[in-house]
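Q: Residue numbers (the numbering used here), protein chains in the order written: chain A, 1 to 112; chain B, 1 to 116.
Rather than coming from a laboratory, the hints here were simulated on the basis of the structure. Misleading hints may appear alongside valid ones.
[Claimed, not checked] The calculated DSS-like cross-link candidates involving lysine-lysine, where the alpha carbons are at most 25 Å apart (straight line), are:
(1) B:K115 to B:K3
(2) B:K73 to A:K44
(3) A:K44 to A:K9
(4) B:K115 to B:K16
(5) B:K3 to A:K44
(6) B:K3 to A:K57
(7) A:K9 to A:K57
(8) A:K57 to A:K44
(9) A:K14 to A:K44
In this text the structure is predicted, and so the values were computed from the model without any measurement.
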Amino acid sequence: NAGVTQTPKFRILKIGQSMTLQCTQDMNHNYMYWYRQDPGMGLKLIYYSVGAGITDKGEVPNGYNVSRSTTEDFPLRLELAAPSQTSVYFCASTGTQDYEQYFGPGTRLTVT
Amino acid sequence: AQKITQTQPGMFVQEKEAVTLDCTYDTSDPSYGLFWYKQPSSGEMIFLIYQGSYDQQNATEGRYSLNFQKARKSANLVISASQLGDSAMYFCAMRGYNTNAGKSTFGDGTTLTVKP
Numbered sequence: 001n002a003g004v005t006q007t008p009k010f011r012i013l014k015i016g017q018s019m020t021l022q023c024t025q026d027m028n029h030n031y032m033y034w035y036r037q038d039p040g041m042g043l044k045l046i047y048y049s050v051g052a053g054i055t056d057k058g059e060v061p062n063g064y065n066v067s068r069s070t071t072e073d074f075p076l077r078l079e080l081a082a083p084s085q086t087s088v089y090f091c092a093s094t095g096t097q098d099y100e101q102y103f104g105p106g107t108r109l110t111v112t
Numbered sequence: 001a002q003k004i005t006q007t008q009p010g011m012f013v014q015e016k017e018a019v020t021l022d023c024t025y026d027t028s029d030p031s032y033g034l035f036w037y038k039q040p041s042s043g044e045m046i047f048l049i050y051q052g053s054y055d056q057q058n059a060t061e062g063r064y065s066l067n068f069q070k071a072r073k074s075a076n077l078v079i080s081a082s083q084l085g086d087s088a089m090y091f092c093a094m095r096g097y098n099t100n101a102g103k104s105t106f107g108d109g110t111t112l113t114v115k116p
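Can you build the whole structure from these sequences, using the hints too?
A: Structural data, given as structure tokens:
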């Protein structure tokens, strides 16, 4: 199993540009999550999904969109990038019977 | 709503001593799970320990134990016999199983430094 994979690992965006962060898991997990982590801070939940076709907002959803058309994939879309979106983005997944969340390696995004 | 509070931004401990990292939580969910994760300077998230809200006994995993006091809404992590490799950021987290099914919340973390 590859676990949770995220692409890209690094990205620099100009203000106003858009991009999609990809997240894929091969563990057949129901739950998937997107977090952002600013330097020295904790993880803030952006969006989460409890299954294909179902998504819900977390603490900091503004400026982001998600979709969950398959169990495996949970892409995060940034529209009109702003410097405040400079952060490390983590995708995670977990199964109904699992305890831990399995995290991807993260995407380091800089908006200038 | 869910909230996790970690009141210790930084902690120091001498190698081989025990240390307690504090975590308090709030939730409207009658059933939930509590978690601790370690994030070393390399950035990956490492799962340490889990406690279910209906578990009668405190969870233990090797040198890690979770001091769960449901009435006080606290879930402190105890690391025994600290090692230099324990230096990292530690996050307390929770996940709801009913009203907030699937929703996950993390605290702001505690940076632990183990001194030789």
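Q: Hint by hint, which ones does the structure fall short of?
A: 1
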